[in-house]
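J.: Start from chain C and add chain D according to the hints.
Respectively, the protein sequence lines represent chains C and D. Numbering follows the working numbering, in which position 275 of the first sequence is assigned residue number 275; successive positions increment by one, without gaps. Numbering follows the working numbering, in which position 237 of the second sequence is assigned residue number 237; successive positions increment by one, without gaps.
Simulated from the structure, these hints should not be mistaken for laboratory data. Here a beta-carbon is modelled for each residue, glycine too, at the ideal position from N, C-alpha and C. There may be inaccurate statements among the hints.
[What the hints assert, rightly or not] Per label pair, the in silico range of CB-to-CB distance:
{"no.": "1", "chain 1": "D", "residue 1": "Asp-216", "chain 2": "C", "residue 2": "Asn-190", "range": "30 to 36 Å"}
{"no.": "2", "chain 1": "D", "residue 1": "Gly-144", "chain 2": "C", "residue 2": "Ser-129", "range": "53 to 59 Å"}
{"no.": "3", "chain 1": "C", "residue 1": "Ser-191", "chain 2": "D", "residue 2": "Ser-222", "range": "35 to 41 Å"}
{"no.": "4", "chain 1": "C", "residue 1": "Asn-190", "chain 2": "D", "residue 2": "Asp-206", "range": "39 to 45 Å"}
{"no.": "5", "chain 1": "D", "residue 1": "Leu-83", "chain 2": "C", "residue 2": "Thr-131", "range": "56 to 62 Å"}
{"no.": "6", "chain 1": "C", "residue 1": "Ala-284", "chain 2": "D", "residue 2": "Thr-185", "range": "38 to 44 Å"}
{"no.": "7", "chain 1": "D", "residue 1": "Glu-123", "chain 2": "C", "residue 2": "Leu-141", "range": "51 to 57 Å"}
{"no.": "8", "chain 1": "C", "residue 1": "Ala-284", "chain 2": "D", "residue 2": "Gly-21", "range": "29 to 35 Å"}
{"no.": "9", "chain 1": "C", "residue 1": "Thr-166", "chain 2": "D", "residue 2": "Glu-186", "range": "32 to 38 Å"}
{"no.": "10", "chain 1": "C", "residue 1": "Asn-223", "chain 2": "D", "residue 2": "Asp-216", "range": "53 to 59 Å"}
{"no.": "11", "chain 1": "C", "residue 1": "Met-101", "chain 2": "D", "residue 2": "Gly-27", "range": "39 to 45 Å"}
{"no.": "12", "chain 1": "C", "residue 1": "Ile-109", "chain 2": "D", "residue 2": "Gly-21", "range": "53 to 59 Å"}
{"no.": "13", "chain 1": "C", "residue 1": "Thr-95", "chain 2": "D", "residue 2": "Pro-224", "range": "55 to 61 Å"}
{"no.": "14", "chain 1": "C", "residue 1": "Gly-106", "chain 2": "D", "residue 2": "Ser-222", "range": "53 to 59 Å"}
Here's the letter readout for the chains.
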Amino acid sequence: MLDILTAILIAGLTTGALYALATVGLSLVWGSMGMLNMAHAAMLTLGGYSAFTLCTVLGLPVIVGFAGAILVGAVAGGLLYVLIVRNLLKTDKATFESNVMIATVGIGIALENAILLTYGGQPLKQPISATGSFILGPVSLPYQNMLIVLVVIALMAVIALLLGRTRMGRAIRATAQNREAAQLMGVAVNSVYFQVLVLSGAIAGICGVMVSSMTQLSPPLGNDPMLKAFIMCVVAGLGNLPGAVAAAFGLALLEAFVQYVAGARWGFPTLLFVVIAVLIWRPAGLFGRVQIRRM
Amino acid sequence: MSASTQPPVLSLSNVVSGYKGLQVLKGISFDIAAGDFVTVVGPNGHGKSTLLKTISGLVPLTSGAIRINGEPAPGKPHAVAGLGVAHVPQGDMLFPEMNVLENLLMGAYLAPSKAEIDRRLDEVYTLLPKLSDRRDQVASSLSGGERRMVGIGRGLMMGGQILLIDEPSLGLAPLIIEQIYGVITELSRSGRTILLVEENPARVADLADHLHLLDDGIIVWSGPPAELLARDELLATYLGG
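Chain C extracted, bound-state conformation (with noise of 0.2 Å):
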C-alpha cells in the first residue's frame, strides 16, 4: 500500500511540478498585461530543443544546454514583445486581448512548423536528465523526478523573491494591479511588459528541458502542458500566480491518483470536469480576484 501511495504522490508531485511551472509562465503574462500567450508551448519546445542542440549537437556540457534553453527562450519572450506586442498594445484593451492571442497563435504554429522542419518529427532524446533512484526501504525515489521538483521549488523561490522583494517585482504587481497609477507613479509599464514576457520565456525554456527530460522532444512537445497549464490557470483564476502553483499540484495529484484508481484515460476528463464544476461554482476561479472593498 505504500508503494502504491508513494507512486501516487511521486506521480503527482513531478507533474504538479511541471504543470506549475507551465502555469506560472503563462498567469505572469495574464496577470500583467491581460494577454493569453498562446505561443507560450511553441517557446517552451524551443527550450528543450535548444538545450538538445547545445548539449548532443555541440557537445557541450549540460549546464551550459540548461542555462541555454532559458536564454532562448527569455530571447523569444523579448522578441514576442518588441515584433508583435508592443504593436498590439497601441490599440483599446478588449481589440489588444483578442488580436494578441490570433496574433500568437500563428506565431505558434508558426515556431512549431519551423521546429519541425529544422529537427523532423522523429521524437529525440532530452540529454539533459538524471538516471538512478534513491531507495528508501521499499520506496524508490527516481532522481528525474526528484531533480525536477527540486527545480521547480528552487524556480518558485526565485520568482516569489522577484516579485515580493524587488523593484522589479514591485512594479510588475503594481502593472498588473492598476496600469495607469503605476504609471502615475513613474512605472514604464512598456518596460514592464518587455521584462515579463522575457520573464515568462525564460520560464518556458526551463519547463521544455524539465518536460522533454520525463518524455522526449517532439515538435508538439508544449501543447499537453499548455493546455493543462490553461486548466489550472482557470482554476486558479486568471492572473493569480499562488493560485495557479496551488492548483497545479492540487489537480496533478488528483489526476494521478484518478489515473490509478480508474485508468489512465480518465485523467484529463476528470481535470475538465473541475474545471466545468469551479466555473459554475465560482466563475472567477477558485483564487480568482474578487476585491473586497469597504464603503
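T.: Coordinates of chain D only, in the frame set by chain C:
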C-alpha cells in the same frame, strides 16, 4: 500662500485634449508659479479631471503646449512623474492587493536612495499618522477616507514639488473632508505647488491663491476665490448656486 510673481513651474498654453474623437478640453491656458495654490472648479463632466490627466500624460495632448519648469512636458505619465509632478487621482487608484506601506513605497518608485525613501516615509507618517497604524492593512479593505489619505501619502512619497489633486472631498463624510483639507493646508504651507480640482469653491476659499472656473472645456472665469463667491450670478450659472 505666495503671490504669483515667480516664473511658472507649470504652464498651459491653449491645451486641447480628449478621448477618441471626443474633445473635452477646448483651449486651456494658465500659469502656476512655485508655491502657488491654484484650484479649478466647475460642474461634473466638464473637463476638470481630464485637465489633470492631460498634465500628467494619462490623456494625450491633441494640440497646445504644457511646460513643466520651463521644459515641454514629455507626454508619457512615467516621464512626467520623473519631473516631480505627483498626480493624486480621483477615486484613489490604489494598488488594491498591496498593503498601505507597499502602496506608499510605490510612490517612491523613482526615489534615488533608501535614505530618501525613509525620509519621505517619516514625513508622510508625521503628516498622516493613521497610515503608520494601518501600514500592514491591505488597501482594498480600507475605508474611503483612509484610501484618500493613502492616495495623498503616496503622492507625497513621490517627492515632487508639484501636486495635482483631483477632488479630494469626493464621496467623503464632512469630518473626513475637514481632515483631508487640513493635510492639504499643511502641504501648501510647506511650499509645494498645488493644482487642485474641486466642485465646491467654498471649500478652498481660505486656501487657494487663485481659482479658475471651468465649463464645457474652457475657462470662463479666473480670479481670487473670494471674488467668485461674491458673484452670485456666476455661482448660479455654472455651479448651481
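J.: At the C-beta level, are Glu-123/D and Leu-141/C separated by a distance inside 51 to 57 Å?
T.: Once the Cβ atoms are compared, 56 Å apart, the range 51 to 57 Å for Leu-141/C and Glu-123/D holds.
J.: So does Ala-284/C sit 29 to 35 Å from Gly-21/D, Cβ to Cβ?
T.: holds, 34 Å
J.: The hint says 32 to 38 Å between Thr-166/C and Glu-186/D; measuring C-beta to C-beta, is that right?
T.: holds, 33 Å
J.: Quick one: are Thr-95/C and Pro-224/D within 55 to 61 Å, going by C-beta?
T.: violated, 47 Å
J.: Within 56 to 62 Å: is that where the Cβ-Cβ distance between Leu-83/D and Thr-131/C falls?
T.: Given a distance of about 60 Å, which is inside 56 to 62 Å, the answer is holds.
J.: Indicate whether the distance between the beta carbons of Gly-106/C and Ser-222/D respects the range 53 to 59 Å.
T.: holds, 55 Å
J.: Given a hinted range of 53 to 59 Å, is it respected by the beta-carbon distance of Asn-223/C and Asp-216/D?
T.: holds, 56 Å
J.: Is the gap between the beta carbons of Met-101/C and Gly-27/D within 39 to 45 Å?
T.: holds, 41 Å
J.: Given a hinted range of 53 to 59 Å, is it respected by the beta-carbon distance of Gly-144/D and Ser-129/C?
T.: With Cβ atoms ~57 Å apart, the hint holds.
J.: Between Ser-191/C and Ser-222/D, does the C-beta distance stay in 35 to 41 Å?
T.: Holds, at about 40 Å.
J.: I want to verify a distance hint. Is the separation of the beta carbons of Asn-190/C and Asp-206/D within 39 to 45 Å?
T.: holds, 43 Å
J.: Would you say the C-beta atoms of Ile-109/C and Gly-21/D sit inside 53 to 59 Å of each other?
T.: With a Cβ separation near 37 Å, Ile-109/C and Gly-21/D fall outside 53 to 59 Å, so the hint is violated.
Going down the numbered hints, you'll see the structure goes against 12 and 13, while the others check out.
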